Amino acid sequence: AQSVTQLDSQVPVFEEAPVELRCNYSSSVSVYLFWYVQYPNQGLQLLLKYLSGSTLVKGINGFEAEFNKSQTSFHLRKPSVHISDTAEYFCALYNQGGKLIFGQGTELSVKP
Amino acid sequence: DTGVSQNPRHKITKRGQNVTFRCDPISEHNRLYWYRQTLGQGPEFLTYFQNEAQLEKSRLLSDRFSAERPKGSFSTLEIQRTEQGDSAMYLCASSSRSGGAHEQFFGPGTRLTVL
Chain D
5 AQSVTQLDSQ VPVFEEAPVE LRCNYSSSVS VYLFWYVQYP NQGLQLLLKY
55 LSGSTLVKGI NGFEAEFNKS QTSFHLRKPS VHISDTAEYF CALYNQGGKL
105 IFGQGTELSV KP
Chain V
15 DTGVSQNPRH KITKRGQNVT FRCDPISEHN RLYWYRQTLG QGPEFLTYFQ
65 NEAQLEKSRL LSDRFSAERP KGSFSTLEIQ RTEQGDSAMY LCASSSRSGG
115 AHEQFFGPGT RLTVL
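Line by line, the protein sequences are chains D and V. Numbering follows our numbering, in which position 5 of the first sequence is assigned residue number 9; successive positions increment by one, without gaps. Numbering follows our numbering, in which position 38 of the second sequence is assigned residue number 52; successive positions increment by one, without gaps.
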């Protein structure tokens, strides 16, 4: 069975500090991987995606993620966070059957 | 292109009542998905349509839940005899044939509270 595990439920960080949100996945077949962001009372917005090719993918708002097949990880990073990055972040994999499988989410809290 | 829209945004109901939610996908997106998100959790897949056809239903979709997409455009999700455990955010997403089924665009969600 395919699954996604986000290793941190909450990540507090000071403004302008770097941040890494960790995501591990489990799948016996090749996958597409995604990071979504959810602001309070809103839907999900796609940050970035890995389909194939370069293992380092860049997304919106200065975020990037690295696909590591041997470690089955897809960690999200940003070198310098802003207050406006405070939100819930979800890692997801695309099941070839048509659905997205999400992790439990990581709440990023950026403090001044 | 106005994105995926969902109505209502919030719904409060009493246990035992029926509720219906509507989702309007991005125009000409052939696939439409429903997900449920409970507090502190990631979204969980419920069902999806390709045009009018409902292609997959999750085990989460009990007999009290029914979804339709009669003309391959908007979709409705109905919950009969609501229970407190149905309280959640119901998210709709759509994807296009050209963009790929993996690239799903989400609506703002309908938050259901069952008292």
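If you're looking for bench data, these hints aren't it; they were derived computationally from the structure. The reader is advised that the hints may include incorrect statements.
[Claimed, not checked] Residues from chain D that face chain V, not an exhaustive set, calculated with beta carbons under 10 Å:
#1 Q10
#2 Y29
#3 Q46
#4 Q49
#5 L50
[To be verified] Counterexamples of contact, computed for chain V against chain D with all Cβ distances above 10 Å:
#6 R45
#7 E70
#8 D100
#9 E117
#10 R125
[Stated by the list, open to error] These stretches of chain D come out as covered by chain V in the derived footprint (C-beta under 8 Å, 3 or more residues):
#11 20-26
#12 90-101
Nothing here was measured: the structure is a model prediction, and the numbers come from that model. The beta carbon of each residue, even a glycine, is placed where N, CA and C say it ideally should be.
Comparing the hints with the structure gives:
The beta carbon of Q10/D comes within 8 Å of a beta carbon in chain V, closer than 10 Å, and the hint placing it at the interface holds. With 10 Å as the threshold, the beta carbon of Y29/D stays out of range of chain V, its nearest partner Cβ sitting at about 13 Å, so the hint is violated. Using the Cβ-Cβ criterion of 10 Å, the hint placing Q46/D at the interface with chain V is satisfied: the shortest such distance is roughly 6 Å. Because the closest C-beta pair between Q49/D and chain V is about 7 Å apart, less than 10 Å, the hint holds.
Because the beta carbon of L50/D sits about 7 Å from the nearest beta carbon in chain V, less than 10 Å, this interface hint is met. Against chain D, the non-interface label of R45/V is violated: not every CB pair exceeds 10 Å, the least being about 7 Å. Not every CB of chain D lies more than 10 Å from the CB of E70/V, the least distance being 6 Å, so the non-interface label is violated. Even its closest Cβ contact with chain D, about 19 Å, leaves D100/V beyond 10 Å, as expected for a residue assigned away from the interface.
Non-interface call for E117/V relative to chain D: violated, since the shortest CB-CB distance, roughly 7 Å, does not exceed 10 Å. Non-interface call for R125/V relative to chain D: violated, since the shortest CB-CB distance, roughly 8 Å, does not exceed 10 Å. Beta-carbon proximity to chain V at under 8 Å applies to 0 residues in the region 20-26 of chain D; the threshold of 3 is not reached and the given coverage is violated. For the region 90-101 of chain D, the stated coverage by chain V is satisfied: 4 residues place a CB nearer than 8 Å to a CB of that chain, which reaches the threshold of 3.
In the structure shown, a violation is registered for the earlier hints numbered 2, 6, 7, 9, 10, 11, in ascending order.
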